[in-house]
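> Listed below are the residues making up each chain.
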Amino acid sequence: MCFLFDSFEGWKTYSQTHNQQLHEVVLDYEKEQKGASESDIWSGLAKAYQVMKDAVHTGTTEEMKSRSGMIDNGAKKVANSDITVLSPEFKLLISSALGAKEVNSCMGRVVAAPTAGASGILPGVFTTLQSIHHLEDQTIYEALLIGAGVALILEQKASLAGAVGGCQAETGSAAAMASAGIVYCLGGSTDQIFNAAGITIQCMLGLVCDPVAGLVEVPCVVRNASAAAIANSSAQIALSHVSSVIPVDECAEAMGEVGQSMESRYKETAQGGLAATKTGQALAKKILIQDIEILPSQDAEED
Amino acid sequence: MERSSVFDMIGPVMIGPSSSHTAGVVRIGRVGVKLLGGVPDEAEIIFYNSFAQTYEGHGSDRAIVAGLMDFDTDDARIKDAFDHAKDKLTYKFRSVGNASTKHPNTVFLRLKKGDKKIELEGESRGGGVIRISNFNGFASGFTANLHTLVVTTDDAQGSIAFISDIISHDDCNIATMTVSRKGKNDVACQIIEMDSGINDITLQYIRHIKWVHDVIYIPVI
Ligand code: SF4
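Chains as they are written, first to last, in my numbering: chain A, 4 to 306; chain B, 39 to 259.
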C-alpha cells in the first residue's frame with residue numbers, strides 16, 4: 004500500500020522506513036492510485052515542464068495585453084527595465100513568474116500548478132533556478148514531484164482553491180510547492196524541504212482572494228511574482244538550517260483553519276478587498292458587460 | 039473518495055483563466071459540432087447568469103467560437119479563435135441575466151449548417167466538466183465524458199427496450215439512459231451514455247429502423 008499523502012510527518016516516516024527519497028514516494032502513489040506507468044509519469048512531467056518553459060518564454064517576449072487592459076506587458080517591462088533593484092537573477096525571477104502568469108491571463112497555454120491563478124509561480128521559480136544552477140531537467144521533474152506531494156497534502160489539510168480557502172490556497176500553495184522544490188534541487192534534507200514549505204505557508208497565510216472584476220488578473224499576476232520571491236526567501240532560510248518552529252503539518256492546518264473562517268467576500272466572489280475598492284468597482288463597471296437582458300424573477304424559459 | 043493525481047497538482051495543461059470559463063465552454067461548443075454534424079456556418083450564442091457579465095473578460099467568447107470550430111481544449115489557437123473563424127462561421131453573442139432555473143455558468147447555442155438547425159444548452163460545472171441540459175427542446179443531462187448516442191424516434195411502444203437491446207448486442211455497456219418526449223405519441227429523444235464506443239454497423243442498423251428519425255453518435259470529447 005502506497006503512502007496516501009495525509010501528512011508531511013507521514014511522508015517523512017514512510018520515506019525512511021521504505022528507504023525511498025521523497026519524490027519516489029510520490030511516484031509510487033501515482034503508480035498505485037492512478038495505474039500510471041513510470042515512463043508515463045516522467046513524460047507527463049516533461050510535457051508539463053516544457054509548457055512551463057514555453058509560457059515563460061512567450062510571456063517575456065510576445066505581446067501580453069489582456070482583454071480588460073489591466074494586464075499590459077508587465078513581464079517584458081520588468082525584463083527590459085534599466086533599473087535592477089537586487090540582481091539580474093532576481094529580475095529574471097520576477098519577470099519569468101509575471102510572464103508565465105500573463106500568458107494565462109491572455110488566453111495562452113499554461114500548466115495549472117496547482118491552479119491557473121497560480122500558474123506563473125512554479126515556472127518562474129524553476130526556470131530561474133535551473134539557469135542559475137545549471138540543473139538537469141530530470142532534477143526539475145523530481146522537484147515537481149515533490150511539489151505535487153506538497154500540494155496533495157495541502158489539498159487534504161487545507162484547500163487549493165481560492166473559492167474555498169482564499170488566495171493563500173492558490174498562490175500560497177504554489178509557493179510552498181516551489182520552495183520545497185528549490186530546497187530539493189539544491190540538495191537539502193527532508194527536514195529542510197519541509198521547513199521551507201512551512202516557512203512559505205507562514206509568509207502567505209491569510210491572503211484573501213479578491214480579484215478585480217472577477218478576472219484572474221489583478222492582483223493575481225503580481226502575486227505570482229511575490230509568491231515566487233517568497234518561495235526563494237523561504238528556501239534560503241530553510242537551507243541555512245533555520246527551523247519553521249511550527250511544523251509544516253501544523254502550518255498547513257492553520258492555513259485550513261484561516262481559510263475556513265474567511266468570509267465569502269474574500270473567496271473569489273469579487274466582493275471584498277481590492278475588488279471592492281472604488282477603483283476596483285469602477286474597473287468592474289467598465290470591463291464587465293453591462294448590456295444584459297435581465298429576465299423577470301419568474302424565470303421565462305428560452306423559447 | 040477518488041484521490042487526486044500528481045497531474046491534478048501539476049496540471050492540467052490549459053488555456054485561459056479558469057477551466058469552467060474555457061475548457062468547459064470549448065467542450066460545449068464541440069458537442070454542438072457533433073450534434074449538428076459539422077462546423078456550423080452560423081451561431082447564435084447566449085451566455086446566462088454569471089457568464090453573461092464576464093464572458094469577454096474570461097475569454098469564454100473565444101472559447102465557444104473555438105469549440106464551434108472543433109478545436110481541442112488545450113489548442114493554442116483558442117486565443118485567436120475569432121481570426122480562425124473568419125469566413126467560416128458567423129456568430130453573435132447575447133447576454134441574459136437572472137435566469138434563476140439555470141446553472142450559473144450556462145450557455146445556449148442555436149446553430150445552423152446549410153438547412154440543418156439545432157439548439158442546445160450546456161452548463162460548465164468546473165474543472166472542464168460539462169452537462170448538456172437540453173437538446174432541441176428535449177431535456178437531457180449527458181456529460182460527453184462517455185460515448186453518447188442521441189436517438190430521436192417516434193414515441194412508439196417498446197422503442198426503448200428495442201434500442202437498448204441492440205446496443206447490448208454490440209457489447210456496449212449502457213451507463214445512463216434518459217428518454218424525454220415532447221408529448222404523448224409525439225417525438226421522443228433517447229440519450230444513451232455508454233462505457234465504450236459503438237460499431238458503425240450497429241449505428242447503421244439503428245438508423246434504418248423505420249420509427250427512428252435521427253441517430254447522432256458523439257464519441258468522448
Ligand atoms: S486572488 Fe483569487 S483568483 Fe487571483 S490568484 Fe489569488 S486565489 Fe486566484
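Hints may be right or wrong, so weigh each one.
Subject to a maximum C-alpha distance of 30 Å in a straight line, what follows is the list of computed BS3-like cross-link-like pairs (lysine-lysine) [said to hold, decoys possible]:
| hint | chain 1 | residue 1 | chain 2 | residue 2 |
| --- | --- | --- | --- | --- |
| 1 | A | 68 | B | 126 |
| 2 | A | 68 | B | 124 |
| 3 | B | 72 | A | 80 |
| 4 | B | 222 | A | 288 |
| 5 | A | 289 | B | 130 |
| 6 | A | 289 | B | 248 |
| 7 | B | 72 | B | 117 |
| 8 | B | 220 | B | 117 |
| 9 | A | 94 | B | 117 |
| 10 | B | 130 | B | 155 |
| 11 | B | 130 | B | 154 |
| 12 | A | 15 | A | 68 |
| 13 | B | 130 | A | 68 |
| 14 | B | 222 | A | 289 |
| 15 | B | 154 | A | 68 |
| 16 | B | 154 | A | 56 |
| 17 | B | 222 | B | 117 |
| 18 | B | 248 | A | 79 |
| 19 | B | 72 | A | 288 |
| 20 | B | 248 | B | 155 |
| 21 | B | 117 | A | 50 |
Hints were generated in silico from the structure; no laboratory data involved.
> Evaluate each hint against the coordinates.
Against the structure, the hints:
Among the hinted pairs, residue 68(A) with residue 126(B) is consistent with the structure: their alpha-carbon atoms are about 26 Å apart, no more than 30 Å. This hinted pair checks out: residue 68(A) and residue 124(B) have alpha carbons roughly 22 Å apart, not beyond 30 Å. Using a Cα cut-off of 30 Å, the hinted pair residue 72(B) and residue 80(A) is violated, with the two alpha carbons roughly 44 Å apart. Between residue 222(B) and residue 288(A) the alpha-carbon distance is near 49 Å, which puts this suggested pair outside the 30 Å criterion.
In summary, the hint linking residue 289(A) to residue 130(B) is supported, as the alpha carbons are separated by about 21 Å, within the 30 Å threshold. Only pairs whose Cα atoms come within 30 Å are accepted, and residue 289(A) paired with residue 248(B) is rejected, the gap being roughly 56 Å. A distance of roughly 22 Å separates the Cα atoms of residue 72(B) and residue 117(B); the hinted pair therefore holds under the 30 Å criterion. Of the supplied pair hints, the one linking residue 220(B) and residue 117(B) is violated, its CA atoms being roughly 39 Å apart against a limit of 30 Å.
At most 30 Å may separate the alpha-carbon atoms for a hinted pair to count; residue 94(A) and residue 117(B) meet this at roughly 28 Å. Distance hint between residue 130(B) and residue 155(B) is fulfilled; the C-alpha atoms sit about 16 Å from each other, no more than 30 Å. The suggested pairing of residue 130(B) with residue 154(B) holds, with an alpha-carbon distance near 18 Å, which does not exceed 30 Å. At most 30 Å may separate the alpha-carbon atoms for a hinted pair to count; residue 15(A) and residue 68(A) exceed this at roughly 44 Å.
The suggested pairing of residue 130(B) with residue 68(A) holds, with an alpha-carbon distance near 24 Å, which does not exceed 30 Å. As the CA atoms of residue 222(B) and residue 289(A) are separated by approximately 50 Å, the hinted pair breaks the 30 Å bound. For the given pair, residue 154(B) sits about 39 Å from residue 68(A) by alpha-carbon distance, which is inconsistent with the 30 Å threshold. The hinted pair formed by residue 154(B) and residue 56(A) fails the criterion: a straight-line CA distance of about 44 Å is larger than 30 Å.
Restraint check for residue 222(B) and residue 117(B): the C-alpha separation of about 46 Å exceeds 30 Å, so the hint is violated. At most 30 Å may separate the alpha-carbon atoms for a hinted pair to count; residue 248(B) and residue 79(A) exceed this at roughly 64 Å. About 37 Å separates the Cα atoms of residue 72(B) and residue 288(A), which puts this hinted pair outside 30 Å; it is violated. Simply put, residue 248(B) and residue 155(B) have alpha-carbon atoms about 22 Å apart, close enough for the 30 Å limit, and the pair holds.
At most 30 Å may separate the alpha-carbon atoms for a hinted pair to count; residue 117(B) and residue 50(A) meet this at roughly 20 Å.
Hint compliance for this structure: hints 3, 4, 6, 8, 12, 14, 15, 16, 17, 18, 19 are not met, and every other hint is.
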